[in-house]
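Sequences are here, hints too, so could you generate the full structure?
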Amino acid sequence: MFSVTFIIELLGTIAFAISGAFSAMQKRLDAFGVLVIAFITAIGGGTIRDVLIGYMPVSWMRDLNGPILITITAIFAILFKKYIKNFKVTLFLFDAVGLGLFTLIGIQKGIDAGLNHGVCIILGTITGCFGGVLRDILLNNIPLIFRKEIYATACIVGGVIYFGLFRLIDPNWAKVIAIAFICGIRILAVRYDLKLPVW
Amino acid sequence: MFSVTFIIELLGTIAFAISGAFSAMQKRLDAFGVLVIAFITAIGGGTIRDVLIGYMPVSWMRDLNGPILITITAIFAILFKKYIKNFKVTLFLFDAVGLGLFTLIGIQKGIDAGLNHGVCIILGTITGCFGGVLRDILLNNIPLIFRKEIYATACIVGGVIYFGLFRLIDPNWAKVIAIAFICGIRILAVRYDLKLPVW
Amino acid sequence: MFSVTFIIELLGTIAFAISGAFSAMQKRLDAFGVLVIAFITAIGGGTIRDVLIGYMPVSWMRDLNGPILITITAIFAILFKKYIKNFKVTLFLFDAVGLGLFTLIGIQKGIDAGLNHGVCIILGTITGCFGGVLRDILLNNIPLIFRKEIYATACIVGGVIYFGLFRLIDPNWAKVIAIAFICGIRILAVRYDLKLPVW
Numbered sequence: 001m002f003s004v005t006f007i008i009e010l011l012g013t014i015a016f017a018i019s020g021a022f023s024a025m026q027k028r029l030d031a032f033g034v035l036v037i038a039f040i041t042a043i044g045g046g047t048i049r050d051v052l053i054g055y056m057p058v059s060w061m062r063d064l065n066g067p068i069l070i071t072i073t074a075i076f077a078i079l080f081k082k083y084i085k086n087f088k089v090t091l092f093l094f095d096a097v098g099l100g101l102f103t104l105i106g107i108q109k110g111i112d113a114g115l116n117h118g119v120c121i122i123l124g125t126i127t128g129c130f131g132g133v134l135r136d137i138l139l140n141n142i143p144l145i146f147r148k149e150i151y152a153t154a155c156i157v158g159g160v161i162y163f164g165l166f167r168l169i170d171p172n173w174a175k176v177i178a179i180a181f182i183c184g185i186r187i188l189a190v191r192y193d194l195k196l197p198v199w
Numbered sequence: 001m002f003s004v005t006f007i008i009e010l011l012g013t014i015a016f017a018i019s020g021a022f023s024a025m026q027k028r029l030d031a032f033g034v035l036v037i038a039f040i041t042a043i044g045g046g047t048i049r050d051v052l053i054g055y056m057p058v059s060w061m062r063d064l065n066g067p068i069l070i071t072i073t074a075i076f077a078i079l080f081k082k083y084i085k086n087f088k089v090t091l092f093l094f095d096a097v098g099l100g101l102f103t104l105i106g107i108q109k110g111i112d113a114g115l116n117h118g119v120c121i122i123l124g125t126i127t128g129c130f131g132g133v134l135r136d137i138l139l140n141n142i143p144l145i146f147r148k149e150i151y152a153t154a155c156i157v158g159g160v161i162y163f164g165l166f167r168l169i170d171p172n173w174a175k176v177i178a179i180a181f182i183c184g185i186r187i188l189a190v191r192y193d194l195k196l197p198v199w
Numbered sequence: 001m002f003s004v005t006f007i008i009e010l011l012g013t014i015a016f017a018i019s020g021a022f023s024a025m026q027k028r029l030d031a032f033g034v035l036v037i038a039f040i041t042a043i044g045g046g047t048i049r050d051v052l053i054g055y056m057p058v059s060w061m062r063d064l065n066g067p068i069l070i071t072i073t074a075i076f077a078i079l080f081k082k083y084i085k086n087f088k089v090t091l092f093l094f095d096a097v098g099l100g101l102f103t104l105i106g107i108q109k110g111i112d113a114g115l116n117h118g119v120c121i122i123l124g125t126i127t128g129c130f131g132g133v134l135r136d137i138l139l140n141n142i143p144l145i146f147r148k149e150i151y152a153t154a155c156i157v158g159g160v161i162y163f164g165l166f167r168l169i170d171p172n173w174a175k176v177i178a179i180a181f182i183c184g185i186r187i188l189a190v191r192y193d194l195k196l197p198v199w
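Residue numbers (the numbering used here), protein chains in the order written: chain R, 1 to 199; chain L, 1 to 199; chain U, 1 to 199.
Calculated directly from the structure, the hints in this document are not laboratory data. Glycine residues also receive a C-beta, built at the ideal position from the N, C-alpha and C atoms. One or more of the hints may lead you astray.
Partner residues are not named here, just some residues of chain R that face chain L (Cβ under 7 Å, in silico) [to be verified]:
id: 1; residue: Gly-54
id: 2; residue: Asn-116
id: 3; residue: Ile-142
id: 4; residue: Ala-152
id: 5; residue: Leu-196
Dropping the structure here:
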């Protein structure tokens, strides 16, 4: 049996890879460029996290499952471009779920490395968000994370909720609740166009 | 008692965080974006240095002092934006002092890692300058370091002075002199608009 | 006697350093900026590879040969700018040879680190291509690798050829053949303006 975590990580990776592939196609990159951007969007956040804590070779190098999954997803995104566009809402939901789960995966990696809670939340946020930051830098945009509705802030709130709960209740439940909060904040932010103040 | 190094590093971190926060506000990023850019400007150079020499988890992850100081500074920069602008010269001086000190901190880390002098000077320059480079990349500018008055060149000159002196006199005095040279070159360069030749 | 590998790596480093220096001069950077871009173009791909597999301090820090060679090359490129422009074809050939050799160096480092073949090919491609990617990001261009004739694709094809051959024939010959394929594909792609499809 596959664990729930495995399934959601799978869906999150697919969602991030599709998001990267679509951004690259909008900029009219060639097939290889689309694949690279999909790859970097999906594994970028985790790679930066692994490097910062010294977990090397980085995670996606330890087996070929990640690279193969992303390659298949990118090819799928190229071939079924029009078809997928109709699933925009579905994709957004995958992305929100992926954001929540990747944040908690990053927090867990920080805990395993013996880092303090504040740094763990930063690592979770990096894991969730910085694949998209690298995608935007490579495509020569100001990272959307700095422009759009509440995004990384949802990761930080989720991290605070996790550390608030994980001694009170079973840590796995604390994780599920934190992931639900991150997804929920993100979905509400997009649905109601919530933004942080700008100066 | 706090050491002189601690105090100047504190001031340098504050200066770099304010410089990042102001750049981000100029691009009209939201509060979270301002915080992230402040953070990356202040810790970016040291983080790249730590990763290149294999000192991980990287320095700012080892306690929460750095992240807390930068967060407070960024909030302060947002709240007192107009007020701080009047201190432009003060800030520039902090930045110059920070540049000098961070360069020597980077050189010391290179020496501790057993690297040769030339590489130590490169590491010092990275520590001093590359937080600003990351800030400019994330804000989608050509890094100012490549455009403006003598900046990184001051770090290189300071590093050469340090290694020229540190066997002749007490190494701590060699450091102080090198820091003073870096600050001085930087201040004179801005004061008299000195630039390297362009082709 | 110098080995063939040493000589071609030397030529590849020179070619990449000159390519970086020329790109920087086109953007009218000052002398220091030209040197930094030349340096990053020449060592960037290998540095990212070393960090991802945890080989630190990274390769170019272990002695001063690389930094000195790149500095001399950048000064040469600045002084003899007009003269070198006439050697455009020669430079392009150096770059193609460098691409092939750096790809195989990256693949070998991956094998030494015990990574699987697919990841080794990715590492080879990173070694060959990502110096140029960093150059383009720092100069605020969309990386040319994503825009132009077949480039990284040649590295991937070369990697596949290497792993197809290295059990059948002497691994050194497999390397030479793979390098020749990468150079050949790259030269044919530019000569006949071959591109991957764009969506």
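Original post:
Should the hint that Ile-142 of chain R touches chain L count as held when the rule is a Cβ pair under 7 Å?
Top reply: Hint holds; Ile-142 of chain R Cβ to chain L Cβ min 5 Å, cut 7 Å.
Original post:
Under the criterion of a CB-CB separation shorter than 7 Å, is Gly-54 of chain R in contact with chain L as hinted?
Top reply: With a minimum Cβ separation of about 3 Å from chain L (threshold 7 Å), the hint on Gly-54 of chain R holds.
Original post:
Should the hint that Ala-152 of chain R touches chain L count as held when the rule is a Cβ pair under 7 Å?
Top reply: This hint holds: Ala-152 of chain R lies near chain L, its Cβ roughly 6 Å from the closest one there, short of 7 Å.
Original post:
Hey, does the Asn-116 of chain R contact hint survive, CB to chain L under 7 Å?
Top reply: With Cβ-Cβ at 6 Å, under 7 Å, it holds.
Original post:
Holds or violated: is the Cβ of Leu-196 of chain R closer than 7 Å to a Cβ in chain L?
Top reply: 4 Å, holds
When held up to the earlier numbered hints, the structure conflicts with none and fits them all.
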